[in-house]
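J.: Residue numbers (the working numbering), protein chains in the order written: chain U, 1 to 256; chain C, 1 to 256.
Each hint should be verified, as a subset may be incorrect.
Note: identical chains are not told apart, hence a pair may lie in one copy or across any two.
[Stated by the list, open to error] Calculated pairs, SDA-like style, for lysine to any residue (alpha carbon to alpha carbon, straight line, at most 25 Å):
| hint | residue 1 | residue 2 |
| --- | --- | --- |
| 1 | Lys68 | Thr128 |
| 2 | Lys68 | Leu118 |
| 3 | Lys207 | Ala125 |
| 4 | Lys207 | Ala97 |
| 5 | Lys68 | Val188 |
None of these hints come from the bench; they were simulated from the model.
Protein chains: 2
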Amino acid sequence: MRYAVQGGKRLRGFLVLESARLHGIAPEAAVSAAASIEALHAYSLVHDDMPCMDDDDLRRGLPTVHRKWDECTAVLAGDALQTLAFELLADPALGPAAVRIELVASLAKASGAEGMVLGQALDIAAETAAVPLTLDQITHLQAGKTGALIRWSAEAGAILGQADRVPLRRYATALGLAFQIADDILDVEGDAEKAGKRLQKDAEAGKATFVSLLGLDGAKARARALVEDAEAALAPYGPEAGTLIEAARFVISRES
Amino acid sequence: MRYAVQGGKRLRGFLVLESARLHGIAPEAAVSAAASIEALHAYSLVHDDMPCMDDDDLRRGLPTVHRKWDECTAVLAGDALQTLAFELLADPALGPAAVRIELVASLAKASGAEGMVLGQALDIAAETAAVPLTLDQITHLQAGKTGALIRWSAEAGAILGQADRVPLRRYATALGLAFQIADDILDVEGDAEKAGKRLQKDAEAGKATFVSLLGLDGAKARARALVEDAEAALAPYGPEAGTLIEAARFVISRES
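Bound conformation, chain U alone (with noise of 0.2 Å):
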């Protein structure tokens, strides 16, 4: 579990730490919830990495958790990072326990059969569909695969400080949207060693992806579109909002 969990970008983690921030919220009280979504982000990329998954090796630049054990550690570790991500949530300090019951019923949406695993079982059944999916389809999977985790970081901060989600969600769906665009074009474009992670596996498995469906040009210019309306929506919260804003130009432009 410890392992999994090293490295990455930390971006979900981030994000809960500065939506909270915008609210006034302290650290310390925010950062079991900063951790909880790492742990569970942990967890979904050791269980999909398994070989019965997308059977990848390389993980953050590090061997995945069951080249360097076994399978079946990688399904234990994967399990209780899942439940370790849930118990971080019911920690006092992240605030009254009718907000952390709610961050709870909101990461369990976010990840479950409607969220995050709903993205991961269409994109498995993706790989022996007989015709490539449309954009809508693609779109579609991704609000569940990366998006709907991306928008719990981001919400996390309202829920926390008890105040309205609109902005946050209306910058997180389109940053979670431009993040998956940035990472099919890193995997086409990227450098496998900055990446940390095997790259080309989509055009090798000849899946449809943002790339491939709106040209290297029109996927980029979707993705700086999309970073002008994350950067719009923040406009209520005014300058304080300059570290989220740098966070979603950075998701477009980043090598890993």
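Got chain U sorted already, so can you dock chain C onto it with the hints?
T.: Showing chain C alone in chain U's frame:
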């Protein structure tokens, strides 16, 4: 997910509803907690049956999830069943937010790396250990692997009723151990058709069990003594606890 929660004894869900009834809680105000523990138990079976774990073809008289579909489906269905377990505990029908977050925290502790998953990991490690486990080690392993969820189920009623958990914890600790001893006896003496799963697995694998360590008669005597202790623990509840006492007797006489 639906397939995996079919059938079974529903012992854990029954314990939740009965312990809730002892505290004056109506079934409607406890059923989401009962469904939660059944979803969590089902997730653990789906993953535990996988080829990299126990590699079982039959569960509750039906093909296991990875046999009926594939390993990928088993990983994802199990993952989403765990998520569903926590989502169900956020149900407002279960009472105040403080009660629900306590259910989340205690279920996470019971099922994660200090509870059920720890027991599963110790069980897998025991398969390749040079020496068979001692009675103390097996007792510790089973307190996690099967005991922790049974304890949570029985304590859930006291949590829902915001009452003292000690009598139910003592009852469930004895019940959980009796349950596992009965399982070991069933593995030796049982009928695979009635049990709905493969038997004689432990002897084939040369694993230490309560039967191999205590003998068949010794194991039966120990199970009976534990059921008596479980009954004694419920004395504070008087005749109202009759159904839970019957459940303890059922546990050591069951055929599946």
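J.: It remains to establish, for every hint, whether it holds in the given structure.
T.: How the hints compare with the structure:
1. Lys68 <-> Thr128: between (29 Å within a copy, 18 Å between copies)
2. Lys68 <-> Leu118: Between copies only: 19 Å across chains, 28 Å inside a chain, cut-off 25 Å.
3. Lys207 <-> Ala125: within (11 Å within a copy, 39 Å between copies)
4. Lys207 <-> Ala97: neither (44 Å within a copy, 45 Å between copies)
5. Lys68 <-> Val188: neither (27 Å within a copy, 36 Å between copies)
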